[in-house]
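Asks: Take a look at the letters that make up each chain.
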Amino acid sequence: MNQHAFFQWALMALILVLVGCAGTSETVPTQEPVDVVDPTAGGAETGAIVGGSSLSRRQYGPDAPPGSPLAQRAIYFDYDAATVKAEYRPVAEAHGTYLSENPRIRVVLEGNADERGTREYNIALGERRAHAVRRIMLYQGAQPEQIQVVSYGEERPVSAGSGDSAWAQNRRVEIVYAGEE
Amino acid sequence: MKRWIRAVSLMAVAWVISSPGQAELTIRITQGTEAALPIVVLPLAWTGQGQGTPPPEDVAAIIRSDLARSGRFRPLIEWPETPSTVDQVRYPVWRATGADSLVLGQVRPAAGGQYEVDVQLLDVFQGTRLERYTNLVGADELRDVAHYYSDLIYQRLTGEPGLFDSQIAYITQQQEADGPRYALMVADSDGERPKRALRSYAPIMSPAWSPDGNRLAYVTFEADRAEVYVQDLAGQRQVISSFPGINGAPVWSPDGRRLALTLSKDGNPEIYLVDVSTRQLRRLTQNSAIDTEPAWLPDGSGLVFTSDRGGSPQLYQMPVRGGVAERLTFDGEYNAGATVSPDGRKIAMVHRTNGDYRIAVLDRDTRLLTVLTRGRLDESPSFAPNGSMILYAAKSGGVDVLEAVSVDGGFRQQLQLDQGQVREPAWSPLRKR
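Top to bottom, those sequences are chains W and L.
Taking our numbering as reference, the numbering of the first sequence is continuous, increasing by one, and the terminal residue is 181.
Taking our numbering as reference, the numbering of the second sequence is continuous, increasing by one, and the terminal residue is 1433.
One chain only, chain L, in its complex shape (with noise of 0.2 Å):
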């Protein structure tokens, strides 16, 4: 049992992932895993010596990095040597280094300035090859590559479905001399290549992924009042509630069509659905408290949502069709803010515990609410597109970060922005391909 020792003192070094750039996240592995199992990734052997340009992203980096974040493997940063083909593998000195499992390939250059990108996946105690992929990318495609390909190893691997290629939204605010600027950004999964959606004088809040990974919709106050907006990626938008009162909370249904979201109009924060193409609206809750942050269940049908009609605020249970609403936790007096993971077997929300607010899961089968987090104020929880990791904004030294954690509670990093704040973070679907 040495073996895990070293795997989490190996973990606890601070894998940090950092590159150029304003607004980048940094990720720092917090807690390691001893479950994670030993893996080589080589080196990708650049064959183009003399032709083209070597390529600009280091994929294996990549894919090591990416495994290593997921708290499933621990990449082995030393290895005895470099092949770069199977016939060049000498099985016995990889069965020495402790490694489960050994990826290695080439980059060969290709017409017109694009890459093709071989990787190798090996079980070194069978001695056998159990896949092999190859694509023929850009440049500016390595690193969806790399992502691609760590899902593929890691799905191969664990039987599971991978989680980094996608995309993580999430709203900064940076200090100015006139006022503090918000923005809503997007980035990769490692928090590389973020882009700007939106820069405001005003806050903008609640950003959530339409089940094809294409558009954000999102509560700004630009107008000096809350109006919820969808936005594409290519930065169209258009507004979706301009309401008075609040427009808040919107989360899309899992067929993309509609928006749950909370409306006060009529008086109260209700929870409404809205046709994202009619902007036909339909009223779900009908009641004198506050009814408020709706999560669709992931087969659509019925919703999830805070009330605090029975004096405090608590988690509730309703049919899309409407109807009566049933109250899902009894554990404290605050539980709010609930997101359903993708198996629709988990309810995260915020639980308030001793005066804390904390991430918390609900298993819907054992009515079972377990903690999973330790700050003081840890709210939106967002889970990963397989439901392996939960991600939720944190205070760390009275700065706004982003931390997660493994939905087993062993595996926790955090990520910071190297200036400003950072909240309320929302993890993608995961790309089609």
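Isolated chain W, as found in the complex (with noise of 0.2 Å):
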């Protein structure tokens, strides 16, 4: 290669990267990026993370009115208890009567608790309460399969603080749309 050819090459190179970035920097992911796990690179001291951060989220789902049933994307749950309490009812049913409308759409139900207690029982407790969402969606029409339930326990609260009203945000089910396929 001589050196005229390396530049025009080495030109073309530089745009096509620029071109990649401008194009994912208006690209919308149609799902969380996720860090390519190498599973022999899990390793110590390399730097490599895995995951995808988790900022990178966007939300999916059904435009509604502020307010409205389905405008709600969490339901909020009393301590060590799994019950769908009658004010989020409506919640839980508009969200499954949408699904059963739009068979295409995924959903996840995340479910999560409080700090308090150990941290593989809270796990456990918030796919229960993930589950007793699912239960209610089913009833309104949605299929199974639209369905996946993650719990993260107390892994991911979103209010830090120990106390009654930071707990009381923390045991909820997140209701999060894939997007459509």
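Quick caveat, the hints were computed from the structure, so don't treat them as lab data.
Note that the structure is a prediction, hence the values are computed from the model and not measured.
Check the hints yourself; a few may be wrong.
Using C-beta positions, here's what the derived DEER-type ranges look like [what the hints assert, rightly or not]:
(1) L:L1233 x W:Q169: 36 to 44 Å
(2) W:Y139 x L:T1353: 38 to 46 Å
(3) W:T83 x L:G1322: 28 to 36 Å
(4) W:P103 x L:G1300: 43 to 51 Å
(5) W:D63 x L:P1298: 52 to 60 Å
(6) W:D63 x L:S1396: 42 to 50 Å
Backbone N, C-alpha and C fix where the C-beta goes; we use that ideal spot for every residue, glycine too.
Put the complex together from the two separate chains, hints included.
Replies: Right, here's the structure in full:
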């Protein structure tokens, strides 16, 4: 390769990189970006970091008037309880109906707990809460394959404090739409 | 009895073991014990003046702080003279210090940049030498040999196995501009030489040591759902369990072949056994309640686990072959997260009392429950390899820290990161030497 050809090649490469960057910044990812995990590179001191940054999450789902049940994306629970309270039932029902009417739409129910008690028991408790919401959605006609359940237990609090109000905010199921396939 | 008062006040003056480096744990003794044995650990003489590099680690200082952290010894911090061989020792001088035991020795230069560490343990009152330990080690093994000798001294003087030649795994969380970073860390038992085994944008949970101390099982959410991985200390890792729903609470069988863990793939959380090499699964519990947090009995015959089948979380025990689960805890409305002591006689757990979550120990013979800690949100108990202490997670001033308490409750320490949160400690078995 002579010098001229090399510079042409380098310029092309640079343009491609820039176009690539501009393109991705405008493209809305349909899924949370997840770093490719090399099973052999998960090790110490490599500097590799796994998983996707939670701030890159994007909200999908129905456009609903603020204040309507469909606009609410979280359902809150009492301590050590997994019963959907009467005040939150319309929220679960509205999303269940929406899913039923939009069978290609998928949702993840993220169960959460407050920080009290053991971490793995709280994972189980968060899942029980998410399943309680899921059952209501299924009654409304949503299909099982539309709803995925993940429990984060006490690992992803929305309020970092220790106290009744922080705990009440953290005992929740979040309804996270994955966008249409 | 003035002697023990002096001991307690001396110990309460924050025995700080710190060194440069990020995310390193600083250990502070917060409560001493009257039963600590007075001991002098003299600086080891370096005999290599003019030949070779002086040792980069202070072996005697490491032994001294190990023994202090055990709660069983009170290393004196002043001494009248500094002999480095037995023939230089004038026993009457040492009897006057009140020390029961004297540790002294030398570090000598050896071929290939190595060091010959020579440590002797003397009985001050008998005026005799009890033990002599020598090893040829590289510069990067000086800390290891120091912990090893701490254990040998501990065992020789207390009659019980030591605990320092071991590691602790723990989870850290640091806040960055774009969100939290989680890490699975492995450090020496004194918090030194921390190494990052895994770094993630997503939560990491429930680290568990294999019985040979070479591998860790843990839960990671890096794929936006729970999975169980097994990773060796070189960083090689593999997925063990990635079913829909919960993949959680892994713990190694005493023979290291299986993990007990929690899966909810069949609808609700149940305890399973998985063969680590074949991935073959066996379901142990069949119950519509939550069954989770398995803990092995050290003989491998059974498991203790948490279940809310009786209406509130309590501990149950069942044979590993399956069968009837027997309820173990009856004090209070919340007993969860069990771990069994290495000798199988005690079960540590999280116990709620007056709204506070504390570490309690159940004696398996007497069935008596003793609350050991004083926090509001204490959790994740882990026994030292000799069962003498329990390391656990606590909150201090709104920050997640680690604390340790002797199983008799008499001796306490706190382990805090210079920045960020630390939780879910897991104390490894002793290294095989």
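Asks: All the hints need checking, so say for each whether the structure fits it.
Replies: Checked hints:
{"no.": "1", "hint": "L:L1233 x W:Q169: 36 to 44 Å", "in the structure": "holds (39 Å)"}
{"no.": "2", "hint": "W:Y139 x L:T1353: 38 to 46 Å", "in the structure": "holds (40 Å)"}
{"no.": "3", "hint": "W:T83 x L:G1322: 28 to 36 Å", "in the structure": "holds (32 Å)"}
{"no.": "4", "hint": "W:P103 x L:G1300: 43 to 51 Å", "in the structure": "holds (49 Å)"}
{"no.": "5", "hint": "W:D63 x L:P1298: 52 to 60 Å", "in the structure": "holds (58 Å)"}
{"no.": "6", "hint": "W:D63 x L:S1396: 42 to 50 Å", "in the structure": "holds (46 Å)"}
Violation of the numbered hints given earlier is absent; every hint is satisfied by the structure.
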